[in-house]
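Engineer: Sequence:
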Amino acid sequence: MDKHLDSTKYQDILKTAHDLFWKHGIRRVTIEEVCREAGVSKMTFYRYFSNKEELARVVLEKLFDESVEKYRALMKEDISFEEKVKRQLMAKFEGTKEISAELIKDIYSDKKSGLSEYWEKRAHEFTEEVLRDYAEAQRAGLIRKDINLNFILYFNQKAAEMIMDPNMAALYETTQDLIMEVANLFFYGIFPRHNKQNE
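Last residue of the sequence shown: 354 in the working numbering, with the numbers rising by one and none dropped.
Please keep in mind that the hints were generated in silico from the structure rather than gathered at the bench. Warning: the hint list may mix true and false statements.
[Said to hold, decoys possible] With a straight-line cut-off of 16 angstroms between C-alpha atoms, the simulated EDC-like cross-links for lysine to aspartate or glutamate are: (1) K239 - E284; (2) K178 - E192; (3) K241 - D288.
[To be verified] If you anchor each label on the Cβ, the simulated ranges turn out as follows: (4) E221 - G269: 16 to 22 angstroms; (5) Y273 - S235: 32 to 38 angstroms; (6) A228 - L297: 17 to 23 angstroms; (7) E328 - S205: 46 to 52 angstroms; (8) D220 - Y263: 18 to 24 angstroms; (9) T330 - K170: 42 to 48 angstroms; (10) I186 - N339: 42 to 48 angstroms.
Note that CB positions come from ideal geometry on N, CA and C, so glycine has one too.
Start from the sequences and build out the full structure, keeping to the hints where you can.
Structural biologist: What follows is the structure in structure tokens.
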């Protein structure tokens, strides 16, 4: 795959496939449609990919690679752990808001393609990396010692689903406002914040 990274046509195919898969899922999208939208011939397509399933796997691989790279860059930033979690929540929303239900369904329903196994493998690897970072933050006193770290990951997943709920989004002027509300609820609960010296 690496030898094709500098090819404009290769990148055009990936970008087009990403947009079409995210909107319609994988099953409905045809190679002809990808070629037409990307402005390339089928001969060019088959120069890079043997079939649509290989294209879908490369698109998912690129998605995970970029997500992990952005996450690691975020964790290295000189900002508070609280701010890192808020930005991670924002990134999760931005990365998933355009994904259609059809895409997820197609990934998990086609067992022959191996896409579901690949998705689960990469998701598990990423979760393990996040858990290691959270465990380090917990040891440093940045997270409560008595909280189950898996609960935090589960909460973040449900929070992302909440943010994408149109009924919830309608209650706020902007998505940013909703994300900050969810993040503040996560960090501070529903009770007023007080300085420790005043407690």
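Engineer: So, for every hint listed, does it hold in this structure?
Structural biologist: Quick rundown of the hints versus the structure:
Proposed proximity of K239 and E284 is supported: the alpha carbons are some 15 angstroms apart, at most 16 angstroms. For a cut-off of 16 angstroms, the pair hint linking K178 to E192 stands: about 14 angstroms separates their Cα positions. A hinted pair counts as satisfied when its Cα atoms are at most 16 angstroms apart, and K241 with D288 qualifies at roughly 15 angstroms. For E221 paired with G269, a C-beta distance near 21 angstroms keeps the hint of 16 to 22 angstroms intact.
Range check, Y273 to S235: about 34 angstroms between beta-carbon atoms, so the 32 to 38 angstroms window is met. Checking the proposed 17 to 23 angstroms range against A228 and L297 shows it holds: the Cβ atoms sit about 19 angstroms from each other. With their beta carbons about 48 angstroms apart, E328 and S205 fall inside the hinted range of 46 to 52 angstroms. At about 21 angstroms, the CB distance of D220 to Y263 agrees with the hint of 18 to 24 angstroms.
The supplied range of 42 to 48 angstroms is broken by T330 and K170, whose beta-carbon atoms lie about 24 angstroms from each other. In this structure the supplied range 42 to 48 angstroms holds for I186 paired with N339, their Cβ-Cβ distance being about 46 angstroms.
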